[in-house]
Structures are given as C-alpha cells and as structure tokens.
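Colleague: Here is how the chains run, residue by residue.
2 protein chains.
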Amino acid sequence: MTSSTAAREYARAHANQFLAELIETLRIPSLSADPAHADDIRRMADWYEAHLKHLGLQKVAVMPTAGHPVVYGEWLGAGPDKPTVLVYGHYDVVPALMEDGWETDPFKPVQKDGKIFARGATDDKGQLLIHIKALESYLKTAGAAPVNVKILLEGEEEISSPNLLPFIKEHIDLLRADVCVISDTSMRAIDEPAILHSLRGMTYAEIEVFGPSDDLHSGLWGGATHNPALALVEILSKLYNPDGTIAIPGFYDDVVPLTPEEREMIARTNLTDEQFKEATGVPAIWGDPHYNIRERISARPTLDINGLWSGWAGPGPKTIIPAKAGCKISSRLVGNQDPHKIFDLLRDYVESITPETVRVEVRLLTTGRAALFPFNSPAMKAAARAYEKGWGASPVFTRGGGSIPIVAEIAALMHIPVVLMGFGLDSDGLHSPNERFSIEMFERGIQTAIVYLEELAQLPA
Amino acid sequence: MTSSTAAREYARAHANQFLAELIETLRIPSLSADPAHADDIRRMADWYEAHLKHLGLQKVAVMPTAGHPVVYGEWLGAGPDKPTVLVYGHYDVVPALMEDGWETDPFKPVQKDGKIFARGATDDKGQLLIHIKALESYLKTAGAAPVNVKILLEGEEEISSPNLLPFIKEHIDLLRADVCVISDTSMRAIDEPAILHSLRGMTYAEIEVFGPSDDLHSGLWGGATHNPALALVEILSKLYNPDGTIAIPGFYDDVVPLTPEEREMIARTNLTDEQFKEATGVPAIWGDPHYNIRERISARPTLDINGLWSGWAGPGPKTIIPAKAGCKISSRLVGNQDPHKIFDLLRDYVESITPETVRVEVRLLTTGRAALFPFNSPAMKAAARAYEKGWGASPVFTRGGGSIPIVAEIAALMHIPVVLMGFGLDSDGLHSPNERFSIEMFERGIQTAIVYLEELAQLPA
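Protein sequence lines correspond, in order, to chains E and P.
Read in order, the letters of the first sequence are residues 1 to 461 in the numbering used here.
Read in order, the letters of the second sequence are residues 1001 to 1461 in the numbering used here.
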C-alpha cells in the first residue's frame, strides 16, 4: 500500500469528522469588511492555529499584519530534496444578512440534499480545509507527506488583501516554496473539474454626488434643485455605450486580444442562454455581443454597480430631495489592464460628465491585478493528473472570471507558478444568500489533494 | 379693553408657558411612516386630548380611523349666529436620524439663537399649537372667543392622509364650519408673511427592477448579466429631457398655464440665484429654463428621486451583482394634473423603456390633489387684516410648492374656503436635519391667530 493509498483510506474513514470540523469553522462569522466582527476574525484565526498545532505542524502562529492576522504553519518533514508547496486559503467571508434571502441562518450551518449551507462553505473555508485534511491524512497514516507543505491563511481576501503583499515581502524566506496551490474557484459541473490559468483583476471605487447641504423638502425646493440621486443616475447611465461596451475613454486600450486558439478552447466550455438563465435566474442574456457568454464572464473586462444609496429607503413615502447619493462600482479587469490606470480613467470620465449643479467625489477602494499563467508547466500537469486519479475526471483549463488579487502578486513576488485547483461548483452561490458546498465535492477534493501532494513529489525541488 | 386686547396681553404674559408646552409635544417622536412608532403616535394624540380637555373644550376625543387616530375638540360658545372656524393641524412628523446630520437629538428640543430645534418644531406641532393658544387666550380672559372653533388634528399628514377623507365624510356634521384655517406653511422672511392660495399635489411611487434570483458574484457572472442597478439607472436617466423638462409622454397635458398677471405677481417674490444657493447650499441652479425660480418651486410640476437602494451600501467593497434595485420617486403636481393619471403615465413610460433583460415593478404609494383658491374671498381678506394687525406686516398671496393633500379635499367636500396662514420660515429645515422654529414667530403667530378669530367674527355665519 503506497502512502497515498493509506491516506486516501484514512480520509474516507474520517469523512464525518472532517465535515464536523468544517461545520465548526462555518459557525464563526468571520466577516472582514465589517469592523464589528473583528473579534470573530480573531476567533477564526485562533481556531486554525489550534487545529494546525493539533495536527503536529511546526511554526504554527497567528501572525499580525496591519489588518486582520495571517495564520501560518508548516510541515517540512519531506526534507530539502523534495519540493515545497505553499497552500494559500482565506478564512474571512463576505457579509450575509437574513433579509438578503437566506433560508437559514448563514452562520448556523445546515445539511440538506448532500450540501452544507452556510456563508463561507465554498468560499473559502470548505476549500481551504481540503488541503489541511489531505496533509492530516498522510501525517496520521505514513507519518509523513510526500512533499513539504506550508500553509498560509489570510483574513482579508474579501476586502482585496490590503496587507498580504507586505506580509509576504516581510516573510519571503519563511514562505519560500516551489509552487503555490489555491483552491478558491469552481467548476461548471461535478464531472467537469477545472484548473484556472487566468483570473480577472479588480478596480473597486465609490462615487458620491453632493447637492444641497442638507436633505431638502421636495415641495419647497423641488424644481430648481438638481436632485443628487438624479445627477448620479445621469452620470452612471453614461458608463455604457448603447452597444453594450463600456464608454470610459481608453478603458479597453491595454486589453490583450484573445487569440483564435484560445477562443476555440473557450467555445468548448461556453454556456447556452438557457444554462446561463437557469444558473442565475435572469430573464435574458445581456452584454457585449461581440463575445460569447463564457468570454464575457471570464476573459473580458466588466463594469458593475455593486451598491446604490440615496435618501429614504425605509417604509412609506418621505418627500425629500436627498443631500447626496452614492454608489459602489467595480470593474473586473483582464491582462494587461492596470487597475490604477483604470481608476484614473473612471474618475476623469465621471468628473468630465458631472454637471456644475452638483459636486462629485470618486474614491478608490481597492485594486487587484489580473493573473495569466501558461497551462503546460509541470505543476499544472501534476494538478491535471491529480484530478484524473483523485477526482475521477480529466480537468479543463479555463479562465476564471473572479479575482483573487494576491495570485498575480504571489507569482510576481515569489517567481513560482500558482495552481488554481477549484473544488466548488459555479452554482454554489458564493457571495450570495444560501451559499453552499457539496459534501461529495468536499470529500473528492480531499482525495484529489492527497494525490496532488504525491504528484508534486516528482517535480524538481 | 376689547376681548382681543386682553387675549393678546394674556398670550404675551404666558409666552414661557406656551413654549414649555410646545417643547413637551416635541419630545414625543410621533413618526407616522414607521410602524415601530405607533405607541408614540398614540401618546401624542393622548397629550392633545388631555390638553384640549384641560382648556375646557367640548367633545374632546381621540377618534379612531383605519390608521392613526384623529384628535377632535370644539368650543361653540359664540353661538349659532357667529361663524365657525375649523382649525386643521397634524401631530405626526417625518423620520429623523442623527446620522442624517442632526447636531442634537431630534426629539430632545434645544433652544439656540432664538429658535427651538426639534423634528416637528415648524411642521407642524409649533404652528398647530398657535391656534390652540389663541383660543386659550380668549377663554382665560374674556371667557369666550369671538367665533366658534373646532379643532381637528390628524396623525397621518406625512404619509399623505390616507384615512382623513373617510373620517371627514363620516363626521361631516360634527366638522361643519364656515372656513377652514391651516397653519402648515412658511414665509420667505419674518417681515414678509404669506398666505398661500395654491398648493402642489403629489404622486408618490416606488420602482423596483429585478434581475437574477439572488445577488450574484460579479466575477463569476459579470459581463453577461444586466445589473439591475445599472438597468434602474438607465431607466431613471430617461425621465428628463436634456432641456430640463420631464420626458414622460403626456405629463404636462393637463397643466393650467400661468396667466401673465400671475407670472407678474410671482415675479415680485422671485428668488435670486444667490438667495436660492444660500438657502439650499446647492452649487448652481437647475431646472426648466422657461420659468423663473419661484415658478419652478411653486407653480410648476416636478419629478424627484426621493430614495435609491441596491446591493451593498455598508463599509468596504462587496463584489456582487445585486438581485434588485429600487427607488422612491415622486411628482409635485399643479392644477389640473390628476395624480392617478400621472401615475399611469409614469408606469406606462417606465415599462415601455425597461429592457427585456430585467423585470420592473412600478407601485403607487400615495397621491394628493393640487389646490387652488381665489385670494379675494372674505375669509382670505380677514386673514390679511389679521397679519397686518397681529403680525405687524402685510401678507403676500403666493403659491406653495409643498403639498397638504387634504386641503383640496376639504374644500371640495365641505364647500368652504381653506385659508393657509403660514407662520414658519422657508429656511426652517422642515423634513431636513436640524428642523427649527423661531420663538419670535411662534409668539407673533399667536398674536395673529388671536386677531384672526376677531376678524372672522365679522363674516356672515
């Protein structure tokens, strides 16, 4: 019996325990965006610290940053002649409110139809635990893993990792590895596993329009006051051209065009209109007609309003002209768009179309660079073999529409490939009400991660 | 000494007591729009009931409606050969939150610079108390007022009086009067008192746009999903024409054109750009360039966005495509626009410009008819004399930009003139943070109301 066979048997035998541990982590509302949850973030970090220590990892610590802390732990028992893999995951989650449409409490995990429902189930507590459990399965059977493993868990991914890059720079020697693996992505269907070779970047901004110094009585002043909500609406309505393309001058200038070869590969995983409508519930497809659906949601940049606010949103009427109106707006970027340049273009454009009847502020909230990797590197091929043997299906290489801002930064800083092995489903509802994670996929993920450590052992250290 | 002279002296001698009573009423957060304040509404009604009983009025009662109750009380001691005046006021207020910009608690009244700061100070608790104190001043001196007085206080004016009309219909005999007086309006400056002969009407609606069934991850689905916030913005941006007129087809069809004579009268009370900017804090004037500022804010219809909401408005970024987006929108109407017809035009237009990529709902919240009275009736002339003698300045007749929905209905139902004697200032900040009422104007208002009762005695009963 090879060490991976024993580890895989151990994982199957301990499936219930692993699930119970996942549920423990999902009970902690580790929201990174909301300062009111700082204590929960800390409780969550402490949980992982205790758990990694319990599994026998070394140098386990909750390490401070300028924001929420990082959890680190390592097992280097494979020795210096074996490769080292750096596992990255994030233990923070996005907000979740019952009134957004949750059927059960987002922080009281519920099992139903073979899935576990909770905020963070798939993004990313379920997926990150897979690698910890894969390592445990080796350590509790053979007493050793085939490669050295370093585990790095951050608490600020959902607020665009403002402090991770300085942390990595400061601890570059501690973190040194031959490959980085991240499981924070998803596949279209359970038997179509996907390895991402590209992620979109991000420019996230806030626009606020100011009119009168206070809310005004709409009867006394209405008719001669430019309503800031109306002014905001007029500005935002000019962000798109009638043909569905983004109207900000220069927005597309740095986009690397898709090659015919890649468009052909993407076409093989395209979604039909019906599939897209089924998955999202939208009444009809929208977007730039020059690109197919898969290209629009993964290989092309976007511009979305993420939030709008002004005046009275409570029950009943309130007859005011609001003093101000605001929105959150973000752009998903592709190579080689620079997030700061895109912000400058957005701000300049918004300022240029704002009338003198109101005042506007455009503020940058966060940025993240897009990532693009070749998909024929040894580490990528090892991941493909791991899916074949551990998951039971050959993976496709695809572009991811989402952003993991730190991916491009890790690759640039550490000069190593980043392998994005997703174990979630596109339809897991991440960032949405009723987020869920398939228990079967949690278990097949652990099997795949176990095999991956063995496959990585064949790489040069 | 005439009875009005004694009453005026009594009012001057009891100014501090009257102010203390006003402050008592301002401590009760009688918000009509928010069901959480139903008990406060009731406490407020009970306060007025107790106060009117204490002053010796008859038939004093808190009378039920399908919503918040009416407070009623009458003094008919002048006898059937004297006219009867129906005083209408409202004891409910609009919401007030510290975070909207209040410098002090809106329900802990503060005296500063000769003003009393609190929600409801000018709208309408301060103004309605003026008439109660005028009546008291007669009853406590001569023991009788020059005319019969009926007092009707409602608790739903700020939510457009949904139950007052049925109440008046049911109690039409109880309420019968020769003239109705309402003090719920304002003047431009303390020495320029104004009697309104027109009020704008109201159509208040909610628009909601629906896209995906749940909030979506903007990375996974962005690019092929019509963002409901963007769709709403695109719809709302088409409500106005580039020339500042409202784009809803048929919107202006029933507007009675202003006569050259009235435009000349309005021109005499026009505001300069500087005065308007000073009063509101806006950086520049806006609106339909075919009309002057005073016309825009009082004699022309408007369309304002009163609230906007969608997605994430909390701190930090959240990368979602919101499932829906909504707004509150209202139109101030002028004669002869029908509020229900205007709603139909708005709904039809919004539906016609909504793309198939989203679903829209347009819901009517409330309506109110515009009012227009001749300004040469005996009751109006009596009011003008009351200002000359009681306030110390001749009033102007103007159009009011605000809406008191019940004014047109009372006039139509009871076949009596409604006299709108405003005792507030345009700059009192009603419906805004730091609402205030000048203590001097409270006192001069009581003097004026005392004289008005005497002037009304000359009218035929």
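Possibly wrong hints are sitting among the right ones.
[Said to hold, decoys possible] Listed next, with one range per pair, are the computed distances between beta-carbon atoms: (1) E:Ala393 with P:Leu1364: 30 to 36 Å; (2) E:Ser213 with P:Arg1363: 30 to 36 Å; (3) E:Pro355 with P:Leu1174: 52 to 58 Å.
[To be verified] Here are a few chain P residues that sit away from chain E, every Cβ distance over 12 Å (derived from the structure): (4) Gln1017; (5) Leu1019; (6) Glu1024; (7) His1051; (8) Lys1059; (9) Met1063; (10) Ala1142; (11) His1171; (12) Asp1253; (13) Asp1254; (14) Arg1347; (15) Ser1352; (16) Gly1392; (17) Met1414; (18) Glu1443.
By construction, these hints were calculated from the structure, which means they are not laboratory data.
The beta-carbon is built from N, C-alpha and C at its ideal position, and this holds for glycine as well.
Colleague: Take the hints in turn and mark each one as holding or not.
Modeller: Consistency of the hints with the structure:
1. E:Ala393 with P:Leu1364: 30 to 36 Å: violated (54 Å)
2. E:Ser213 with P:Arg1363: 30 to 36 Å: 31 Å Cβ-Cβ, so the 30 to 36 Å window holds.
3. E:Pro355 with P:Leu1174: 52 to 58 Å: This hint holds: roughly 53 Å between Cβ atoms.
4. Gln1017: Correct as stated: the minimum Cβ-Cβ distance to chain E is 30 Å, above 12 Å.
5. Leu1019: Its Cβ never comes within 12 Å of chain E, the nearest being 24 Å, so this holds.
6. Glu1024: About 25 Å separates Glu1024 of chain P from the closest Cβ of chain E, which puts it past 12 Å; holds.
7. His1051: The assertion about His1051 of chain P holds, with a minimum of 28 Å to chain E.
8. Lys1059: holds (31 Å)
9. Met1063: The claim stands: Met1063 of chain P keeps its Cβ more than 12 Å from every Cβ of chain E (closest is about 22 Å).
10. Ala1142: holds (38 Å)
11. His1171: holds (25 Å)
12. Asp1253: holds (18 Å)
13. Asp1254: holds (17 Å)
14. Arg1347: It holds; Arg1347 of chain P is separated from chain E by about 16 Å at its closest Cβ, greater than 12 Å.
15. Ser1352: holds (17 Å)
16. Gly1392: Given that every Cβ of chain E is farther than 12 Å from that of Gly1392 of chain P, nearest at about 24 Å, it holds.
17. Met1414: For Met1414 of chain P, whose nearest Cβ neighbour in chain E is about 23 Å away, the distance exceeds 12 Å, so it holds.
18. Glu1443: holds (23 Å)
Checked against the numbered hints above, the structure violates only hint 1.
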